[in-house]
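Hey, can you piece these two chains together into the complex? The hints should help.
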Amino acid sequence: MPDHPLLALHGVSYRYLGRFPALVDVSLAVHEGEKLALLGANGCGKSTLLKVLDGLVFPDEGIYEAFGAKVTDANLEDEQFNRGFRSRVGFVFQNSDAQVFSPTVREEIAFGPLNMGLPPGVVDVRVADTLEMLDIADLADRAPYQLSGGQKKRVAIASVLVMNPDVLLFDEPTAALDPRTADWLTGLIVDLNQAGKTIVLATHDLASLDVLADRCAVFSEGHRIVAEGPPAGVLGDRSLLESVNLVGGGRAGERPLPKAWRQPAK
Amino acid sequence: MQLACDNVQVATKGVSPVHIPDGYLSPSTCAAFYGASVPVWVTAARRVKRVVKSRFVPLVAIGAAYSFLVMMFNVPIPDGTTAHAVGGVLVAVLLGPWAAVIAVSIALLIQALFFGDGGVLAYGANAFNMAIVMPFVGYAVYRALVHRNLALTSPRRPLGAAIGAYVGLNAAALCAAVEFGLQPDLFHTADGTPLYAPFHLAQTIPAMLFAHLLVAGVVEAALTAGVVTYLQRANRPILRINQAMTPDWEVEEPPTGLGWRWALIGLGLMAVLTPLGLLAPGGAFGEAAPGDLDLRRYHLDAVPSGLRRYAGFWHNALFNGYDFSHDAHPVAGYLISAAVGMLVIGLAVLVVFRVVGRRMRTGEAAAAPVTPVAPDVASPGAADVTIDLVEPRAARPTPKWLLEAEVGLCPCGCIGKRRKGSFVDKTLGDGAGVLRRAVFSDDVARSPGLLQRMDARVKIVGLVGLLVAAGLVRTIPVLIACYLATLGLAAASRLSLAFFVRRVWLFVPIFTGVVVLPATFSFVTQGHIVVPLGSWFGHRVGLTSQGLHSAGLLVMRVATSISLVVLVTLTTPWTNLLAALRSLRVPRMFVTVLGMAYRYLFHLLGSVTDMYTARKARMVGAETDVASGRAFVAAGAGALFGKAHALSEEVHQAMLARGFTGEVRSL
Chain A
1 MPDHPLLALH GVSYRYLGRF PALVDVSLAV HEGEKLALLG ANGCGKSTLL
51 KVLDGLVFPD EGIYEAFGAK VTDANLEDEQ FNRGFRSRVG FVFQNSDAQV
101 FSPTVREEIA FGPLNMGLPP GVVDVRVADT LEMLDIADLA DRAPYQLSGG
151 QKKRVAIASV LVMNPDVLLF DEPTAALDPR TADWLTGLIV DLNQAGKTIV
201 LATHDLASLD VLADRCAVFS EGHRIVAEGP PAGVLGDRSL LESVNLVGGG
251 RAGERPLPKA WRQPAK
Chain U
1 MQLACDNVQV ATKGVSPVHI PDGYLSPSTC AAFYGASVPV WVTAARRVKR
51 VVKSRFVPLV AIGAAYSFLV MMFNVPIPDG TTAHAVGGVL VAVLLGPWAA
101 VIAVSIALLI QALFFGDGGV LAYGANAFNM AIVMPFVGYA VYRALVHRNL
151 ALTSPRRPLG AAIGAYVGLN AAALCAAVEF GLQPDLFHTA DGTPLYAPFH
201 LAQTIPAMLF AHLLVAGVVE AALTAGVVTY LQRANRPILR INQAMTPDWE
251 VEEPPTGLGW RWALIGLGLM AVLTPLGLLA PGGAFGEAAP GDLDLRRYHL
301 DAVPSGLRRY AGFWHNALFN GYDFSHDAHP VAGYLISAAV GMLVIGLAVL
351 VVFRVVGRRM RTGEAAAAPV TPVAPDVASP GAADVTIDLV EPRAARPTPK
401 WLLEAEVGLC PCGCIGKRRK GSFVDKTLGD GAGVLRRAVF SDDVARSPGL
451 LQRMDARVKI VGLVGLLVAA GLVRTIPVLI ACYLATLGLA AASRLSLAFF
501 VRRVWLFVPI FTGVVVLPAT FSFVTQGHIV VPLGSWFGHR VGLTSQGLHS
551 AGLLVMRVAT SISLVVLVTL TTPWTNLLAA LRSLRVPRMF VTVLGMAYRY
601 LFHLLGSVTD MYTARKARMV GAETDVASGR AFVAAGAGAL FGKAHALSEE
651 VHQAMLARGF TGEVRSL
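In order, the protein sequences belong to chains A and U.
In this text, residue positions in the first sequence follow the working numbering: the first is 1, and each later residue adds one.
In this text, residue positions in the second sequence follow the working numbering: the first is 1, and each later residue adds one.
Each hint should be verified, as a subset may be incorrect.
Stated by the list, open to error - A few chain U positions that, by computed beta-carbon distances, are all more than 12 Å from chain A:
1. Ser26
2. Leu428
3. Val461
4. Pro477
5. Arg494
6. Gly534
7. Arg540
8. Arg585
Stated by the list, open to error - Straight-line Cα separation of at most 27 Å, DSS-like style, residue types lysine-lysine; simulated pairs:
9. Lys426(U) <-> Lys643(U)
10. Lys616(U) <-> Lys426(U)
11. Lys259(A) <-> Lys400(U)
12. Lys49(U) <-> Lys643(U)
13. Lys53(U) <-> Lys70(A)
14. Lys197(A) <-> Lys70(A)
Unchecked claim - One-sided and incomplete, this derived list gives chain A residues near chain U with beta-carbon spacing under 8 Å:
15. Gln99
16. Phe101
17. Gly112
18. Val123
19. Ala143
Treat the hints as calculated values from the structure; they're not laboratory data.
It should be emphasised that the depicted structure is a prediction, and the values quoted were computed from it without experimental measurement.
Quick reminder that beta carbons are idealized off the backbone N, C-alpha and C, glycines included.
Extracted from the complex, chain U is given alone in its bound form (with noise of 0.2 Å):
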């Protein structure tokens, strides 16, 4: 189990560990999940287009194009190095959760779609994650513990942001995992060898967590809270757009009412989540009491004696003489003791956050700046925005260090240390990457080759029928064909075949190869012991020939599946892809919201490596300090917000006056 935590937490530095890709679920899985979403997904679209009508477009994309950058911000974390967060409740927060819902899912679709993170298929799965799981959890948290009344300006947003930040990853955390520790138990070969990713809710819950509840999910909510904290210092009508009728500052005794109905709605979603969670230890789907449970096959003694415990406990302790007896309704038994804990958890933080925001409170109380801050950029035209004041224009003198000089460069010449690339050198380096990526691809779509030359639709409709037959295939020679063959129309469309390999492979062994090493061991994966390690306890351990088949089925199918996505996304110029989607009847505003937020995605990223490269402009000494880095990416962030908000009501504009009355038409 250790094992699998710390590799999973490598893969926490690297990529975004609830970004699935294509391989690790069954075609099935990703079926269903697309089932799930899509519903959702025509529900956000209608309320947010009746709340914002012809408004609709503008806004969703640019919050798509929005989120799609938060997800590339570098946040410093105390350890030396960075994390990215995923700002799925922060736009929750700032725009409302059906629209984060849109928003977030577009930003994903962009990154799946025309850069080939994530996978397309597992595109569903990891939308619902990421996209509708996380920012309505955490938005559920988020109203639960602040009133729709409370002012802008109190120090309860941000904290409750922050909480609903880091409850929303991890619930998006916990549904990823559980997604995964599925897979071995409901796909399997006769002899038991997982068919996709191999490891149990038993491993895969508490791996996923565990770097969750530490690194991922404080950087989410320092940044959540960042922001927000931002903004109703810098720009507070931006904290409108979901607030519209709230008070800027308390103006009587602040409402102090929980958001009981928010608060069922995160209890309800998390409630039907934890019981997977509690469950994690038992064989499939809590089918068995702990008792019937073969916990020795794992190996694991403290956690189903803890289980064992606590279903003792309920049973004995409250629920004596009701007819929750072990053989009857131990799922119920379960549930309710989720239940439970759930209630004692949420009044644990609510008790901490009650006296958190009434220390602070008090302590703003004393230093309530009294005059309004103007808004920067605030609203359409902002630059309009002027207090009617006739300034006085008379010369002013200049201030005296002014005019003397700064020390400058040593005169000895000497330069001092060089310092490590910090997160605004990281940030500015992912800033570029992702800007050459999009010209390099574009660069290749427009070159002559067999798979330029092809249709988009066909290549399109190609590519979901590939992945689904990649995820399908049980054998690995078969698969290493299907790679092969992926050589072969690399080739054939003239892709160096170096950097194709490379693109492909580098991600495979950082991400897969070291996440499905654990599995090939004994302890996860049972069955012919091939390569013997010795005895545990007096139980053979070693190499399964199970765990080692398993091992090669998801390397092999994880590297045709990425190869075919870098494929199609190489050899297609995007904007051919948008309108494939369009001719294959994917809804038109769908399309024009999707071509949109890549659009504006680079616009925006232009201002991302201004505010970057300004900051480093003005960078003296060494930048040591994590928090006022923070600061500063919260900041960034949140001016970020500004921008994007007042980009997409100019936008909005320049449609409205060209005609736009909300329908969409295209060519």
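If we strip away everything but chain A, and leave its shape as in the complex, we get (with noise of 0.2 Å):
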């Protein structure tokens, strides 16, 4: 592992609307070529940390270093850094209907690298190649609402993977997919990372979760981050699972179904 990481947060905080928090004093380095696997609880801030990685939103308190400089709200309107930085690192966001946002899916596609300011012959071979990457070439012309949500996510895969970013960010990539185009992004997300890429991602996917990440860290629902350590380690504490709430310890099982719902219509 290089000495210097890719991204990396000091102590940052952010609070929603100035009110509610959302990340509590957190630090975190990614380094070049891992997968970093973020869980918690729903609602423990790990969308907003991929936010704040991506630049979407910036820290009340702490810094975030990428590519060894400062993201700012200012760096960032700043046209060439606002470039480099955009074209280096890719967010999939959990939302396919928010991403997703041109009238055709070739549109949609072409709309990173038209804002890195490729040339449009450039643009067309990258769109060519890109839909043939991901079996969609068929769908180029059709609209988003006629796609179904495994097609939106191919989509809006396709649209972060055409500007080849170093680091891909994804929120939640297989949740609400079937379990067949779950098994192929899953197949994608590695196959992307031997090919060199550094990938961060949100996810509740326990049980992928050793093929998914080389590296975990673990929120707690005070916003922090309370433990980093390899998959086999931290699905192995059990304990450290539970005090964060992201498994139930089986108390559901302790309780018996109500009597009513058991019994047959009459």
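Here you go:
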């Protein structure tokens, strides 16, 4: 592992509307070529952390550095820095509907490269290659509302991959996908990592965690990172996972179902 | 006159009465309204962009999708039927008047261009009425009554919004009435046959205002107030979009001063419109003083005598000694009486508003909630918002009532009376209709045919050219030939002729046919009586040749225009339409917003459908309570706005993440 991390957070805190804390004193380093998973209960701050890493929201306190430079609102106003940062960090949103905003799939995928300032000829080639790679060439001229959830996810991933970023951020990539599509996506993430991409993902998919991640960071419900370690170690620490309310400790089984619900209908 | 009132009211229930279709206004009138609207659009775009910067595209696009859907919400009204609202003032209160101008304009454009509702040539006039006059007049009234620093939770806010919506819609209706009413005076043949809309100001203004003051305005006000009230309770941060610095709760003595600036803007706007209304019973444009009018032509005595008395009143009581002689400055006299009249009405509204506001405030003070409500879909990443409390998750007992079976289906097997479709089913039906039409036109557009093969640019230019041509034709046989030509084109494009004819003529008899019928009488259109129907106070009355000719012209022109628009919308995939607009030098930003609005229209439509389906699933017993139905619609529209806004924030982030800096680029 190289000495200098690609992305680094130092004591970052963030509050929504200046009132509701989402991150409290978070420090985290992302190293080149690794797969890092963020674990934690709903609402613990994983998505916010990804948004900070993508330069979409900015910490109230603390520092965020990417590729050795500070990322701030003001820095991203700089056109050259903006272009450099945006093309090197890609973000696949959890909500594909928010990400797929163009009238057609082709225009959607072309959006990023066009904003990077690539000439139209190069954009065309890249779009065609990406469509081919994700096996969605037949959807190119379709409108987003005609797509299924799995197809929309493919388009969302294509729209990010086409920019060829070094770091890929995924927010719950396999949520709400059928098992086959989820398997495909897990495989894709591993392939991308082997091709040299750095991966950061927020996930609840504990079953495929050992494939999806080399390292895990665990959030508490107090919006802090309380543990870091390899998947096997984290998954083995039952009391840790229970203390952050990620798993339920089997208490649901202690309560029998109401009798009325078990009686067959008369 | 009564006849005209009834008929316009019939129209109210079918189509939004202020949606003017092609064929009613002369091409030159349409051009004038495009000319009037373009500078407003440009100014609005500049102003909104300066405030929201790179947020502009998603905010305005999703605002437009929201406006489109708000026009689709069926609001139950006490007579058992439902009515639509326009929502122009609601959007202005939530997003500010300039953003509302663009959002509502684009919603109207989507209706005209993709769904064939409302004219393409008449789009300028429709946008002027509903997207410019309505939000600005309504917002001016709102801001005149609601001070910027008034607490977000104040009951005066929904009240002010309701009054604003009421006045705004009526201002829009007045504009439409004036546009209609000027047509016969401006455009007629030598023998007096009106070429376009046949009614005079004296008929259109009372008819339009009658329907709007009584029904549509009340519905508009109820929905607007309902949504603002819902957002005050459930999603307060949303109200901050247009009110960034306002406190949630009243900290000290609330400012009670009026927004004088907005009051003046509002009064100014109304002053421009009102004289036209006051002069309605006159000849053209109030060139004549009341005494000069040939009022007996209209067989109207009540209104003119009132007018004469007012004119005299100002003259004698107030302006005696000033140089307002009857002959010299009748128009100035009217303008001044208009101004004074408005002032009186404005003061009356204000007094009522103050009294009601105070009463509601004292009522609320007693029951003022202490805990601030957490926002539910307030802002980007709302899912991440939690109050930092580690909640103990010990097992909680299941409530007892949950274990007992509710009374289910009746054991004897009877299900009970079937209910008639409620506003819920109607809205669901409308939503399904929008989707069905979009999918259907997509299928048609992709099937082989003559017009499908044609380049979309050619079709757009051709459409506008042919609409203007149809607007300029003055003989019925030529119009019939034009109509038959559209049938030929439809056949060549492999459209089902039965469907095509039904689609066009279903609208023509319901709206145009019924509206135009009274215009054939000698009451409305003077001329040679060809079908005598007796006499009225010694005058021969009946159907006039001019009236019949005019009615025929109007019906054929509207049928031809609608056919042309339907042909183009059905045979062109909307993405091609967007690309064509782009290559026809329509500003790129505008086309992007239009495309995004259309895309999220369907996404938000899904939310509406889910909401109404969930309501339907939980509906036990007959839905008879109109008030609770209306509260649900208002909550639905309010929640939808929360969703729409959160979505626009997320889309903005998704755009930023891929390098968007506010400049639109396209292939």
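Hints, one by one, checked against the model:
no.: 1; hint: Ser26; result: holds (34 Å)
no.: 2; hint: Leu428; result: holds (18 Å)
no.: 3; hint: Val461; result: holds (21 Å)
no.: 4; hint: Pro477; result: holds (42 Å)
no.: 5; hint: Arg494; result: holds (21 Å)
no.: 6; hint: Gly534; result: holds (59 Å)
no.: 7; hint: Arg540; result: holds (60 Å)
no.: 8; hint: Arg585; result: holds (18 Å)
no.: 9; hint: Lys426(U) <-> Lys643(U); result: holds (22 Å)
no.: 10; hint: Lys616(U) <-> Lys426(U); result: holds (11 Å)
no.: 11; hint: Lys259(A) <-> Lys400(U); result: holds (11 Å)
no.: 12; hint: Lys49(U) <-> Lys643(U); result: holds (22 Å)
no.: 13; hint: Lys53(U) <-> Lys70(A); result: holds (23 Å)
no.: 14; hint: Lys197(A) <-> Lys70(A); result: holds (21 Å)
no.: 15; hint: Gln99; result: holds (4 Å)
no.: 16; hint: Phe101; result: holds (5 Å)
no.: 17; hint: Gly112; result: holds (4 Å)
no.: 18; hint: Val123; result: holds (7 Å)
no.: 19; hint: Ala143; result: holds (7 Å)
Every hint from the earlier list agrees with this structure, and none is contradicted.
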